[in-house]
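Taking the hints into account, I'd like the entire structure generated from these sequences.
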Amino acid sequence: MKIALIGYGKMGKTIETIAKERGHEIVSIIDINNPEDFNSAAFKSADVAIEFTIPATALNNFKQCFAANVPVVAGTTGWLEHMDEVKTMCEGGKQTFFYASNYSIGVNIFFAVNKHLAKIMNNFPSYNIKMTETHHIHKLDAPSGTAITLAEGILENIDRKQSWELDAESDPTRLEIDALRENEVPGIHEVVYDSEVDYISIKHDAKSRAGFALGAVVAAEFTCGKKGFLGMSDLFNF
Numbered sequence: 012m013k014i015a016l017i018g019y020g021k022m023g024k025t026i027e028t029i030a031k032e033r034g035h036e037i038v039s040i041i042d043i044n045n046p047e048d049f050n051s052a053a054f055k056s057a058d059v060a061i062e063f064t065i066p067a068t069a070l071n072n073f074k075q076c077f078a079a080n081v082p083v084v085a086g087t088t089g090w091l092e093h094m095d096e097v098k099t100m101c102e103g104g105k106q107t108f109f110y111a112s113n114y115s116i117g118v119n120i121f122f123a124v125n126k127h128l129a130k131i132m133n134n135f136p137s138y139n140i141k142m143t144e145t146h147h148i149h150k151l152d153a154p155s156g157t158a159i160t161l162a163e164g165i166l167e168n169i170d171r172k173q174s175w176e177l178d179a180e181s182d183p184t185r186l187e188i189d190a191l192r193e194n195e196v197p198g199i200h201e202v203v204y205d206s207e208v209d210y211i212s213i214k215h216d217a218k219s220r221a222g223f224a225l226g227a228v229v230a231a232e233f234t235c236g237k238k239g240f241l242g243m244s245d246l247f248n249f
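In the numbering used here, the protein residues as written are 12 to 249.
If you're looking for bench data, these hints aren't it; they were derived computationally from the structure.
Because the structure is a prediction, the values reported are computed rather than measured.
Treat the hints loosely; a few may be bogus.
[What the hints assert, rightly or not] Derived lysine-lysine pairs resembling DSBU-like cross-links, with alpha carbons at most 35 Å apart:
#1 24 - 214
#2 74 - 150
#3 55 - 74
#4 31 - 74
#5 237 - 126
#6 218 - 237
#7 237 - 24
#8 55 - 24
#9 21 - 237
#10 13 - 130
#11 141 - 237
#12 13 - 105
#13 126 - 218
#14 214 - 237
[To be verified] So the derived label-pair ranges between C-beta atoms look like this:
#15 151 - 55: 36 to 42 Å
#16 171 - 51: 52 to 58 Å
#17 120 - 52: 36 to 42 Å
Glycine is no exception: its CB is placed at the ideal position from the N, C-alpha and C atoms.
Here you go:
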């Protein structure tokens, strides 16, 4: 498979290593210094582009890929206000777009466990719910896309919580999310159910970027040859 990389920071370099180990070819690398390469023959020859950049540039990157008819596996978070626009561009199989808030296979198992636990805890209103996410100091969006996905899974299943809020204080209908930025932490997410008598928590702690990179390459392998708007629920059925 021919892969184009959009974004060549630590994540992009890790994806490059894993993709090559799995027998794929990197035909184009686009970073902040060479955006004109979206128009290159090398980029247009790609079977799929894997995009990990920053929220401010993500939507334009997707549009550039669509203009070249290159499917996109998007790993950037913090741009979700444009999601409906991207979905519209994929309607009728016109373009191909795969999005996940987190590509780690372990995190996607964690998402499923989170929803299942929330369904159980809906019947026990004595437990308050809180979430904490910790990432490296270079991460620009807060809370993380992973935390938002976890929050959505809770809100779908806990009747007493109506919305999530960053650093909420006292409103019992809001799910509090604390976002911490520390050193070079790849990503830690913990969901806590706290009552007067005990404390239940589930936690995912990433050891490195390798899990995210592997998941992105697996998603690219899945996306190649497909059409439309895709996600982890298409790739995995937990």
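To see whether the hints hold, each was checked on the structure:
1. 24 - 214: holds, 27 Å
2. 74 - 150: holds, 23 Å
3. 55 - 74: The given pair, whose Cα atoms are some 13 Å apart, holds under the 35 Å limit.
4. 31 - 74: holds, 26 Å
5. 237 - 126: holds, 28 Å
6. 218 - 237: Given that 35 Å is the threshold and the Cα spacing comes to 32 Å, the pair holds.
7. 237 - 24: With Cα atoms ~25 Å apart, residue 237 and residue 24 stay inside 35 Å; holds.
8. 55 - 24: Roughly 21 Å separates the two Cα atoms, so the pair holds.
9. 21 - 237: holds, 28 Å
10. 13 - 130: Distance of about 42 Å is beyond 35 Å: violated.
11. 141 - 237: violated, 38 Å
12. 13 - 105: Given that 35 Å is the threshold and the Cα spacing comes to 20 Å, the pair holds.
13. 126 - 218: This hinted pair holds, its Cα atoms lying about 23 Å apart.
14. 214 - 237: Satisfied, since the Cα-Cα distance of roughly 33 Å is no more than 35 Å.
15. 151 - 55: 36 to 42 Å: violated, 29 Å
16. 171 - 51: 52 to 58 Å: holds, 53 Å
17. 120 - 52: 36 to 42 Å: holds, 40 Å
In this structure, the earlier hints numbered 10, 11, 15 are contradicted, and the remaining ones agree with it.
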